[in-house]
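Participant: Just need the whole structure built from these sequences, with the hints factored in.
Residue numbers (the numbering used here), protein chains in the order written: chain A, 1 to 284; chain B, 1 to 261; chain C, 1 to 602; chain D, 1 to 121.
One thing to keep in mind: the hints can contain errors.
[Said to hold, decoys possible] Taking CB as the label site, the calculated pair distances span:
| no. | chain 1 | residue 1 | chain 2 | residue 2 | range |
| --- | --- | --- | --- | --- | --- |
| 1 | D | H48 | A | V200 | 50 to 60 angstroms |
| 2 | C | S277 | D | L103 | 46 to 56 angstroms |
| 3 | C | H523 | B | L40 | 20 to 30 angstroms |
| 4 | B | S254 | D | L103 | 42 to 52 angstroms |
| 5 | C | L483 | A | Y240 | 56 to 66 angstroms |
| 6 | C | G87 | A | Q204 | 50 to 60 angstroms |
[As the list claims (entries may be wrong)] Listed next, the in silico DSS-like pairs over lysine-lysine satisfying Cα-Cα at most 30 angstroms (straight line):
| no. | chain 1 | residue 1 | chain 2 | residue 2 |
| --- | --- | --- | --- | --- |
| 7 | D | K82 | C | K331 |
| 8 | C | K516 | B | K213 |
| 9 | B | K134 | B | K253 |
| 10 | B | K57 | C | K91 |
| 11 | B | K64 | C | K548 |
| 12 | A | K132 | B | K213 |
| 13 | C | K360 | B | K102 |
| 14 | B | K213 | A | K205 |
| 15 | A | K97 | D | K81 |
| 16 | B | K64 | C | K516 |
| 17 | C | K360 | B | K57 |
| 18 | C | K516 | B | K216 |
[Said to hold, decoys possible] Sample of chain B residues with no beta-carbon within 10 angstroms of chain D, all distances over it, derived:
| no. | residue |
| --- | --- |
| 19 | I34 |
| 20 | R49 |
| 21 | R51 |
| 22 | A54 |
| 23 | E72 |
| 24 | F86 |
| 25 | V88 |
| 26 | L90 |
| 27 | D149 |
| 28 | D152 |
| 29 | P206 |
| 30 | D243 |
| 31 | W247 |
Derived by calculation from the structure, the hints in this document are not laboratory data.
Backbone N, C-alpha and C define an ideal beta-carbon position, used for all residues, glycine too.
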Amino acid sequence: MEIPYTYKPRPDTGLYNAKVGIWLFLASEIMLFGALFSSYILLRVTSPEGEWPLVERAWPHGLLNIPIGTFNTAVLITSSVTVVLAWAALKMNQFGKFRAYMLVTLACAFGFLGIKSYEYNEKFTHYELRLKDGQVHTGHIEVNGKHAGFWDFGSIYNLDRLGKEQVKEIAFTADPAKPKPGEKHAEGAAHEHKKMTVQVSDIQKLDAFILRNHTFFAIYFVVTALHGLHVLGGALVLGYFAFPGASMWRKNPEQFTNRIEVAGLFWHFVDLVWIFLFPVVYLL
Amino acid sequence: MTQLLQKLGMPAPAAAHGPALDDFVGYVHVLMLILFVGWLAYYLLALYRFRQSANPKADYTGVKSHMSTYLEIGVAVVEVVLLVGFAVPLWARAVDEFPVAKGDPKTDPIEVQIMGQQFKWSAHYAGPDNKWGKQEIKSASATNPFGLDANDAAGKDDVVCALGEPFKLPLGRAIICKISSMDVIHSFKLTAMRVTQDAIPGMTIPAHFTPTKVDKYVITCAQLCGSGHAVMRGDFEVISPEDFDKWYAEKAKSGGAGSFE
Amino acid sequence: MSTATSTQHGTGHAHPAHEHHHEHHEPGFWQKYIFSTDHKMIGIQYGLTSLLFLFFGFMLMMCMRFQLAYPGKPIPVVGGLLEALLGEAAKGGVISADLYNSFGAMHGTIMVFLAIVPLAFGAFGNYVTPLQIGAPDMAFPRLNMASYHVFFWGGVLMLASFFVPGGAAKSGWTSYSPLATVAEFSRPFNGQTMWLIGMVLLITSSLLGAVNFITTIIQLRARGMTWMRLPFFVWAQFVTGFLLLLAFPPLEAAGILQLVDNLFHTSFFLPTGLVVSGQQLPVSGGGSPLLWQHLFWFLGHPEVYVLILPAMGVVSEIIANNTRKPLWGYKSMVYAAMSIGFLSFIVWAHHMYLTGMGTKVATFFQTTTMMISIPSVIILTALFISLWGGSIRFNTSMLFAVSFLPMFGIGGLTGLPLGFNASDIYLHDSYYVIGHFHYVVAPGTIFALFAGIYFWYPKMTGRYMNEVLGKIHFWGSLVGMNLVFAPMFIQGLRGMSRRMSDGGATYFGADDIALKLNTSITHAAALLAVAQIPFIINVFASIRSGRKVEGDNPWNATTLDWATPTPPPHGNFASEPVVYRGPYEYSAPNAQGGYISQDQKP
Amino acid sequence: MSDHSNHAPAHADGHDHHDIASHIRTYLVVFGALLVGTVITVGMYYVHFESMAVTVAVALFIASIKAFLVAGYFMHLLSEKKVIYSMLAVTVVFFFALGTLTLWSSNDMPRNSEAKALYVP
Ligand code: HEA
Ligand code: HEA
Ligand code: CUA
Ligand SMILES: [Cu+2]
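Facilitator: This is how it looks when you write it as structure tokens:
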């Protein structure tokens, strides 16, 4: 028994099965990310006005590392073009070229994930500090003379944890003041990182830029993590086709080419999501 | 029609807009009943007449008339009439056309803040000075559901019936309830008044009605809100305007923001 | 109830004697029954699993109904067991309010996501669709297998959630935030968390299934099987597939967000300033409870059509077959099914009228709600008219199928006063709603599925089910269902709210009719339970002792599913079928023997 | 859709080498355009428009163009089959229905002129 049209297109639809399947799957993905984008918009437009972090629940703005984000966008776009070039190489019967392009794609995929985890770590070690006297800062903390990182400390500092570890004071390095929109960076002064020592008893709230800090971080992490999982999943599939799965090339080149096309469609979709995600969370 | 529904169990309405709403429920049920009885009669007839033993050879074409198309159009037309003629205006009346204050303390609508919490209802009136006391989230607690500031002068005479204490409403005056919740979603349902409005934390949603019968009534919580959902009953009483004024003045002396710790 | 050899379930080395020439070698037990990629075996797996869940969901409800009728009394028979399993929550065999809420939420969840959808879409869809379109299997057999396994583990997770500390999810099948998050706030890994993970698995399974079904129907139709020659059942599955495909992802998104709310104390759905038990909740706030409801009902409403469309498909097949005449208005039914599918995506907020909705939005949603009732009327009307002029055979399967019509009619008609927002003010969240949708899903969908089981059983096993037991089952169920659900309309009009663990005793005096009906409903539910016994016996006993079918086409049916050997072998058709005509050529003027099969040469 | 027996050419999208080579040029041009688009989007951030609405509109406009390029050329949507177009059309409709109706609902609420909101941030 054989399933018809596994790689030959069905005459009346002009499509082979997997092509229909992947587009259907992508349609459902559109709805998945669509729902998340809708949630983002709804949560954001209903959030109170004001300038984060001074207004506690105002929507944070411009907190993410834009140069890195831009670079990552370029990485993902590159991987998208190399995957389609890999497919084109197969079409032209150039298996060696195919594999080279796939390698570049994989490198981009894992590069993207690596950069993303660096960014995550950056956020996990960045703090919002509210003092009882109303002062609000963002910056980095040092506890017992050690920079509070995410991976080396295991869990993230907050008031509870400081209390449990009986820490009396922490060192805080505040971020340089952000220029108001439209203003030029005032050279010198604004770039200064203010260092201070803070008594734990004066702190009202201390939290890193993690999910529970603010709905913005919550949705940022959830959406980018979900996107990251898609990148990872896609990379595993592409990796499979580039190496162990490539043996099919000799047995059935047409089917193999189709598989690459289908995997590529998924990969482009992941890129597409990022094309919207990047401006929405980083820039707007 | 309304009577028929009341025979089926609907309690008599006790608010000014009640009869219109009940009539509408009645009209919809008439439509349903006509469709149901008509189709059922046809259906039973068809099953009986065309059983295999009575009609051993089926008819390949079957019905040729266009009756069904007309019928479907008919259903659609009736639905449009019900929609445009009744449902939309009734709804607009309920959510848009709020009674407005004309500056006469005898007939102006009374505003009541309603707060749901697990598993109690609380009511809050502005008091004789007609000014709400200052409210803040950080003052809110288990015993002070409205977050009233104990030091605020405007709040001293506020009338608060907190945590299930029965409250009172005057007969024939428009009541505007501003409904909210402090923990989970509840639903403020006054069966007899034909009022239902979800009490949603983070939102304050107004609803209004004019009571027309002196009696004791209950608030049902109509939205699952936890283990005590079934027993989250509230009570209130509709009394004559004179009795209400008396009660209000008395309550204003004892109640209010100052009575919270 | 699979191939003739499946009676030896579990004996391991089933080596069927019958002819499987083209097979290279016989697959072993695991490959054949557990990790099968054959759509028929997967369909049967789905069928058995979902029937078990249906039974379990019903048992949960029996416990709840007992509690409603006899508050505070220990449950007979299973009370002790419940106490042993669940401890404090079922102390002395009495269901606590919390446990009532858990059972209610799980009854809804299990019935919808683990019983009816897998039975209607997973089981019937899998078994029948490829046969009816003349395909050798699904387009992606391994995806199909994965879909079942993901479903299975999702179900296991749901069941396991009864045993985590705090008990299973107890915030209704709708899991409204903030309740779903704050109910067990101090214990992030709780029943609700399990529910959410379970849902993510179930949704994933449905998505895989939907992709597979739609691709199969688009790509694997036999030669000559044009779109307008598809049996209505296939159309129904096709539209259902799209509903699942596009409506489920938003709930998956919402589920992920609520999961994060529960585990990491974010506040996607928690507004600022929540005070729970007198304490300010330690979350950032700024979320929106209504966002959850929008995302839930964006799925929730299409989901109810997922429950009904396959049922309509099954009923159409059976009515055409047993009236011995073509379906009346086949084309309009197809277009109606498509309109239902389309419209069902833009009516969802009729579940949210009372969450504070202005006139404009409310008018939009009630208009679309009224619009969607029209295609339902069209389908029902077409089926009614199909009866006229028929030569109706009343076998068990037909009895269930025809009684679907008035039952769905009652359920659908009572949807109208809910759809008009003005009347929904009074009826919202009352037992009227419970009555409305149970009429659609219980005597509606379940009857259709029973009908389907009696109808396709001979194809699956080569034997008929027993007609006498079947008729007892039918009449018992018909009477039982109506005695259970009709009184709920009265309770609802009386003002009784749903999800009351004390059955409304807080609001109604003991001699109030609403409370008295609680008791009678419970008795009727017991009758309903008894009426299922002949069915269960019938399903299992007929595998061995049912009357053997005389040929491959015992009902003299026209569609391709009956043009296969019985039971159909791997690959389904002895030779590639070719289709020459529409699906319901019964009593055609030139027909020999009263019908012309779709693949009969002209 | 037409009857199955109307056999269309089996290789509707059968490209020959020459074809592909020209495709590759297109891919590279698109790649360049995407990079340029990215740069413009980011540049816009540093320019700072006065109005938020303009910023959003411009950003989404550029993103849509990029999306069009990826979908149209890399994913071959510009020369795809009817079946796929129809599937995507419904998806897009529902995608927008979800977003717009949800937002609309949260903006249209019963309002009572003086309603004072307590538990509103
Ligand atoms: C399969 C399931 C299913 C189906 C098909 C429907 C169909 C419909 N539903 Fe229902 N509904 C549910 C399942 C379903 N529903 C569920 C589960 C809930 C509750 C969820 C919860 O809160 O937990 C619900 C709740 C619900 C509500 C919310 C109520 C509330 O919470 O306040 C509303 C409101 O508009 C509604 C409306 C409708 C309408 C207008 C239809 C229409 O599509 C109906 C159209 C059909 C007809 C109009 C019948 C036509 C037939 C004839 C004319 C022939 C009659 C002949 C004879 C009787 C012989 N439904
Ligand atoms: C598809 C959905 C579905 C189905 C079929 C049912 C079926 C039934 N339901 Fe349920 N119900 C819901 C979905 C469903 N329900 C939902 C969504 C809710 C709301 C939950 C909430 O509030 O969150 C609800 C709530 C609900 C309530 C309200 C609880 C409350 O608000 O407090 C009640 C009360 O009586 C009830 C009763 C019943 C009964 C008596 C049946 C009967 O019809 C059951 C009939 C079942 C059978 C007859 C079993 C047949 C099984 C077999 C024959 C097994 C065979 C096995 C093998 C062969 C292996 N249901
Ligand atoms: Cu409060 Cu239910
Ligand atoms: Cu609905």
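Participant: In ascending order, which of the hints set out earlier in this document are inconsistent with the structure?
Facilitator: Violated: hints 1, 2, 6, 10, 11, 12, 14, 16, 17 and 29.
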